[in-house]
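2 protein chains.
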Amino acid sequence: MNDPHPWAVGLDSLRDQVWQRLRRGVADRHDPARHPVLATVTPGGMPQARTVVLRGADPAAGVLEVHTDLMSGKVADLRANPLVALHVWDAGAHLQTRIEARAAILTGDAVAQVWARVPDPSRQSYGSQPPPGTPIDDALAYAKRPDAACFAVLRLTVLAIDAVHLGPQHRRARYTRETGWQGQWLAP
Amino acid sequence: MNDPHPWAVGLDSLRDQVWQRLRRGVADRHDPARHPVLATVTPGGMPQARTVVLRGADPAAGVLEVHTDLMSGKVADLRANPLVALHVWDAGAHLQTRIEARAAILTGDAVAQVWARVPDPSRQSYGSQPPPGTPIDDALAYAKRPDAACFAVLRLTVLAIDAVHLGPQHRRARYTRETGWQGQWLAP
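One line per chain: the protein sequences are A and B, in this order.
Take my numbering: the last position of the first sequence gets the number 188, and nothing is skipped along the way.
Take my numbering: the last position of the second sequence gets the number 188, and nothing is skipped along the way.
FYI, nobody ran anything at the bench for these hints, they're computed from the structure.
One thing to keep in mind: the hints can contain errors.
Identical chains share a label here; the pair holds if one copy fits it or two copies do between them.
[To be verified] Mimicking SDA-like on lysine to any residue, the simulated pairs with C-alpha atoms at most 25 Å apart in a straight line are:
(1) Lys144 <-> Leu166
(2) Lys144 <-> Ala91
(3) Lys144 <-> Arg34
(4) Lys144 <-> Val52
(5) Lys144 <-> Gln48
(6) Lys144 <-> Gly108
(7) Lys144 <-> Val9
(8) Lys144 <-> Asp120
So that you can see chain A by itself, here it is in the shape it has in the complex (with noise of 0.2 Å):
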């Protein structure tokens, strides 16, 4: 059968390609690697799940980046269970790629000169009053006040890779740390 998606076929070009997709979900606004989803773990062993925005990806150093408003649920999450899952589907490329990793929560003056480089409307997200997920009486009782000393970035170690690619025949693989990377078929 023709698959258009001759990288699936091996375990090095099916991880390069999982960076690469990641990659230009830093880049593009509008590709699917642009909004993950984020889940993290309540202190009552709860999983939460939310879109997040892509900020940075190091196939390198296998360091992804998330920014996030401090006062945010996911941040009080990670400062009990700092272990993440990061999903991204590619209708396009028929790829689903799940990510296990570990974050770090950096503030202040290690991020200052990445605030400097948020743009003016994205910094609306970061210091918004009551901060996010306090109730309010109205659906619109709060206000969007930028301030750099709510802005955290989450820097994601990435601990494990597993990729599944729907093709005429489905194949999925793992990828660890551990491992070097070195990659592992497993059954779909």
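With chain A's structure known, arrange chain B on it following the hints.
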């Protein structure tokens, strides 16, 4: 400002819209709610997120339904921690739906009538050998062997819904089973 989604301005109409779209996902395989992301937590505390197919949505009971291979990783996760998150991003409606639920794993006689209605091609998804996630030497070293004994229904009792509408002004509301789904606006 003209908002094309007047349902987003009221707590009741927003909640009804969420359920309407979940039902549409069950009925229409091209709807965004057809393929939510389901997040679980492994026994080691790692969140896991993957695409699933939404098979049932009952607004009156507040119950959703997903089918899975009983040997899949998500079932192993759920045996240790039955709490799940479900995430749908509906680009047309500018609506993010985040659901917290408790999963029950139904198998065997309890789902025999459901299995009887699963069409042949879909049955391929239940009973692959070796089981999903097993390391294999070659990418295609697996076989699909439909097996009723590997078919499980995840009945998801919804505990809370968090809905975010990205309109001219963003609106966010939370609904919980314990408050009778009456809804509470939150700062987005």
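Here is what the structure says about each hint:
no.: 1; hint: Lys144 <-> Leu166; result: between (42 Å within a copy, 14 Å between copies)
no.: 2; hint: Lys144 <-> Ala91; result: between (34 Å within a copy, 23 Å between copies)
no.: 3; hint: Lys144 <-> Arg34; result: within (23 Å within a copy, 34 Å between copies)
no.: 4; hint: Lys144 <-> Val52; result: within (18 Å within a copy, 35 Å between copies)
no.: 5; hint: Lys144 <-> Gln48; result: within (24 Å within a copy, 32 Å between copies)
no.: 6; hint: Lys144 <-> Gly108; result: within (19 Å within a copy, 53 Å between copies)
no.: 7; hint: Lys144 <-> Val9; result: between (48 Å within a copy, 19 Å between copies)
no.: 8; hint: Lys144 <-> Asp120; result: within (12 Å within a copy, 53 Å between copies)
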